[in-house]
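Chemist: The primary structure of each chain is shown beneath.
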Amino acid sequence: MKASVIVFPGSNCDRDAAVALEAAMGQAPTMVWHGDSELPKSDLILLPGGFSYGDYLRSGAMAAHSPVMREVVRRAKAGTPVLGICNGFQVLTEAGLLPGVLMRNATLRFICKDVLLKVERNDTRFTSAYELGEVVRFPVAHKDGSYFADEDTLDRLEGENRVAFRYCEASGAVSEAANPNGSRRNIAGIYNETGTVLGMMPHPERLIDPALSGTDGKKMFASLVETLH
Amino acid sequence: MSGAAKAVRAAEGLSEELVAEHGISPDEYAQLLKELGREPTLTELGVFSVMWSEHCSYKSSRVWLKKLPTSGPQVIQGPGENAGVVDLGDGQAAVFKMESHNHPSYIEPYQGAATGVGGIMRDVFTMGARPVANMNALRFGAPDHPKTRHLVAGVVSGIGDYGNCMGVPTIGGETNFDPRYNDNILVNAMTVGLVDADRIFTSAAKGVGLPVVYVGSKTGRDGIHGATMASAEFDDASEEKRPTVQVGDPFTEKLLLEACLELMAEDAIVGIQDMGAAGLTSSSVEMADKGGVGIDLDLDRVPCREEAMTAYEMLLSESQERMLMVLKPGAEPIAERIFKKWELDFAVIGETTDTGHFVVRHKGVVEADIPLPALAHAAPLYERPWVKRETLPVIAPEDVKAPKSILGALERLMGSAHLASRRWIFEQYDHMVMADTVQRPGGDAGVVRVHGTQKGLAISCDVTPRYCAADPYEGAKQAVAECWRNITATGAQPLAITDCMNFGNPERPEIMGEFVGAIEGMVEACTVLDFPVVSGNVSLYNETNGVAIPPTPAIGGVGLIADIADMADPALKNDGDMLLLLGGGPGHLGQSIYMQVMEDRLAGAPPPVDLAAEKSTGDLVRGLIKAGAVSAVHDVSDGGVLVAVAEMALAGDRGVMLETPPPDMPAHACWFGEDQARYVVAIAPENADAIHKAAAVGEVPVRVLGTVGGDVIALPGERPLPIATLRAAHEDWLPRFMAHG
Chain L
1 MKASVIVFPG
11 SNCDRDAAVA
21 LEAAMGQAPT
31 MVWHGDSELP
41 KSDLILLPGG
51 FSYGDYLRSG
61 AMAAHSPVMR
71 EVVRRAKAGT
81 PVLGICNGFQ
91 VLTEAGLLPG
101 VLMRNATLRF
111 ICKDVLLKVE
121 RNDTRFTSAY
131 ELGEVVRFPV
141 AHKDGSYFAD
151 EDTLDRLEGE
161 NRVAFRYCEA
171 SGAVSEAANP
181 NGSRRNIAGI
191 YNETGTVLGM
201 MPHPERLIDP
211 ALSGTDGKKM
221 FASLVETLH
Chain C
1 MSGAAKAVRA
11 AEGLSEELVA
21 EHGISPDEYA
31 QLLKELGREP
41 TLTELGVFSV
51 MWSEHCSYKS
61 SRVWLKKLPT
71 SGPQVIQGPG
81 ENAGVVDLGD
91 GQAAVFKMES
101 HNHPSYIEPY
111 QGAATGVGGI
121 MRDVFTMGAR
131 PVANMNALRF
141 GAPDHPKTRH
151 LVAGVVSGIG
161 DYGNCMGVPT
171 IGGETNFDPR
181 YNDNILVNAM
191 TVGLVDADRI
201 FTSAAKGVGL
211 PVVYVGSKTG
221 RDGIHGATMA
231 SAEFDDASEE
241 KRPTVQVGDP
251 FTEKLLLEAC
261 LELMAEDAIV
271 GIQDMGAAGL
281 TSSSVEMADK
291 GGVGIDLDLD
301 RVPCREEAMT
311 AYEMLLSESQ
321 ERMLMVLKPG
331 AEPIAERIFK
341 KWELDFAVIG
351 ETTDTGHFVV
361 RHKGVVEADI
371 PLPALAHAAP
381 LYERPWVKRE
391 TLPVIAPEDV
401 KAPKSILGAL
411 ERLMGSAHLA
421 SRRWIFEQYD
431 HMVMADTVQR
441 PGGDAGVVRV
451 HGTQKGLAIS
461 CDVTPRYCAA
471 DPYEGAKQAV
481 AECWRNITAT
491 GAQPLAITDC
501 MNFGNPERPE
511 IMGEFVGAIE
521 GMVEACTVLD
531 FPVVSGNVSL
541 YNETNGVAIP
551 PTPAIGGVGL
561 IADIADMADP
571 ALKNDGDMLL
581 LLGGGPGHLG
591 QSIYMQVMED
601 RLAGAPPPVD
611 LAAEKSTGDL
621 VRGLIKAGAV
631 SAVHDVSDGG
641 VLVAVAEMAL
651 AGDRGVMLET
661 PPPDMPAHAC
671 WFGEDQARYV
681 VAIAPENADA
691 IHKAAAVGEV
701 PVRVLGTVGG
711 DVIALPGERP
721 LPIATLRAAH
731 EDWLPRFMAH
741 G
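Taken in sequence, the protein lines are chains L and C. Residue numbers 1 to 229, in my numbering, belong to the letters of the first sequence in order. Residue numbers 1 to 741, in my numbering, belong to the letters of the second sequence in order.
Every beta carbon over 12 Å from chain C, so not counted as near; a handful from chain L, in silico:
(1) Met1
(2) Thr124
(3) Asp155
(4) Asn161
Only pairs whose alpha carbons sit at most 25 Å apart, straight line, appear in this in silico DSS-like list of lysine-lysine:
(5) Lys41/L <-> Lys77/L
(6) Lys34/C <-> Lys59/C
(7) Lys573/C <-> Lys113/L
(8) Lys2/L <-> Lys218/L
(9) Lys626/C <-> Lys573/C
(10) Lys455/C <-> Lys218/L
(11) Lys41/L <-> Lys341/C
(12) Lys67/C <-> Lys388/C
(13) Lys328/C <-> Lys341/C
Please keep in mind that the hints were generated in silico from the structure rather than gathered at the bench. Glycine included, C-beta positions come from ideal geometry on N, C-alpha and C.
Using the sequences and the hints given, assemble the complete structure.
Modeler: Laid out in structure tokens, this is it:
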């Protein structure tokens, strides 16, 4: 399996993503500079977290117009799996690969903590190693993480089974109390129509090692290796 | 800014008022004339004013700072560079420093705090290190002061936005509320970086005819005279100084970090210095002085953000995210390529010379021509008069009222402003980015893994201002000891410290006496604990209308854990474990949190620190952790033993059945006394004998406190305190305060 991690000016979870991918794949991914218009052949493209272009204008808005993004969009439309984490999710919505937008958190403050997520699908390349409905613990770290789309879009996402994860309680109950940022319908991550593009605010790459007090993120990378090798 | 603009227009004939406005005393001006051998130009006056300011010259503190121990086999670089460096073995080193941004943060909390964080990170990556952890030590006024909430919100948000965007985890710190900081808050930020020990960069510009290169952001009119502002006390008009506060751009700094590290991997740099306080002036003077050369600058080539900037403004601007480098001959193209890739300004603005002078040209005019020693070494040096503080009497435990219920008092203490959870603060900081944070905020020290290894760096910031206010000498000793203890409690070997010396106006003998007392306490503690000072910062004039802050020598320490598999933390993990108190004392309640919360007063002497006991107890604890003999460890500090136990219970979400304490002291002194050199440890009961024996060797007292288990804290004869109730009290205070007050 070959993976590429796109590095934008201001990306800061690129190394963390590369470490997680290398641990799962046994080889390092290619780090691709945003200014490159060429993208190596990749079984997975990962857009990492961070503050591309300092979140100026809108989170992810400038990065979505980087030279390399034209090729990312082309590959995504041709079926190459794309994973956008945190700022990567914001870039995917700005690039039009996923619907909706990530707005300022309801508290108006940055929030960094572990949250619980309910796995809404396990029939995708990203989540096959999880149980359906499994409750997993991932960290969030964002100021603009409140997922917003109009009611029709939200209904369509749910109707097409495109919600990947929802913020939940330990019991799996999807409640307002479990929602860290005011996301509509507790949505933490969504897929495109074909289930090959996943955008999510929580950080699976941050919990892949018992020393970091959790390993729930590991299964996502294991799923990718299993289904893409 | 208006002052600066007016000054430029004033041009010839420098009036006494103008000299005074530049913070230069008549005596200092006489010395300036002697050094220069003529009248200065206005630009030169500006240069002298910043280089001779307290902030840049340490003129009041230098004679005392020299007394601090700064060496040891673990020290690679002591004070004098951008940051200190300690050896981590295996060719790796940690680079760290703490710095204050007090005055700007009071005037404009968001930008003041943000640029403080930006500045300290630049100090660390200037030396070639990648920043891996941030900490901060914050002091605010009383919660009921009308400005406190606004200041907390702005400072925390500023620190968070800057560090979060940089992608450097903020893994801990400390926050105090005290009315004595009402008009002078303290914002002290610390950064720790990692570097290969043979790839450390310094600022010396050794060699003549070498290109002097400016990189980073463009120069604007922000922050002009920031260093001078930080060298004067506040009055009622201080908030008009807002234009002298710099504006931060963490995105540019992130680019600057990556570009600098990329260039540092090449063989291109002779010396590098960040443009911090006093910007272009201070950085070029320091580089030339350390390199033993002269320097010529052509200001026409400086990238400017605003039009028609004068030489005076360019030299004194404190625009952020800028660096000055001296390159090897012919290295300009590779440097330019890297900085252009990162979309940063790059300009050759001068060269090193053999003249020994600091020469500045602008629009064909020589704006300054000053012999470098006049700026670097001839800066005034004061042995300010000082008076020793009278020591306060020790207050007997019997003279502090006992509570109706010990557990009721515990609940009150844990829910007070002083001990309440700081979660509202640290959750606004990304503390997990870089995926090496192995101990998150809320414990004794933050711990980050040395990337790609099993080694860990334990980092802690400490000082107890109420102790320092009562006795600067004992208080400073305690600050060093508590930092050493917090690092020890993770299992780390403490290596070295950085300091941030926050005090009032040193021209007042009683304030200078506080400074001297604190230095003497630090000297003693650092020496006995083998915990040398490798970097630091002095912030004086933290006072308003003649009322000073409590003396606040903040200590930031770094320690090394050989293998993070052996790391300890405070969370109780196993029902049935025994809780032991290691270390003894008389139950000292003077200056305690108990006295402050329950009696609404702070009186008497602070707890004395027995450094020999500190060392033997700490060495015992570290040995027990390494041997795997303890399942949880917590240092005993604010609030005493019972607060330490409660924090361990909350961290592990487990209850504790306490035993009735021995009758040799009042119960409240036993549970809430703040005697030093103590730790609470949890152990498997079968290890008890071995631990008693090990403690006996170092003559460390051991007391059995109770047993882990259940979901309450129970004490014979009292109604049990549910962990859930305790947690609510502990967690609710700060969010509620920030929401409503």
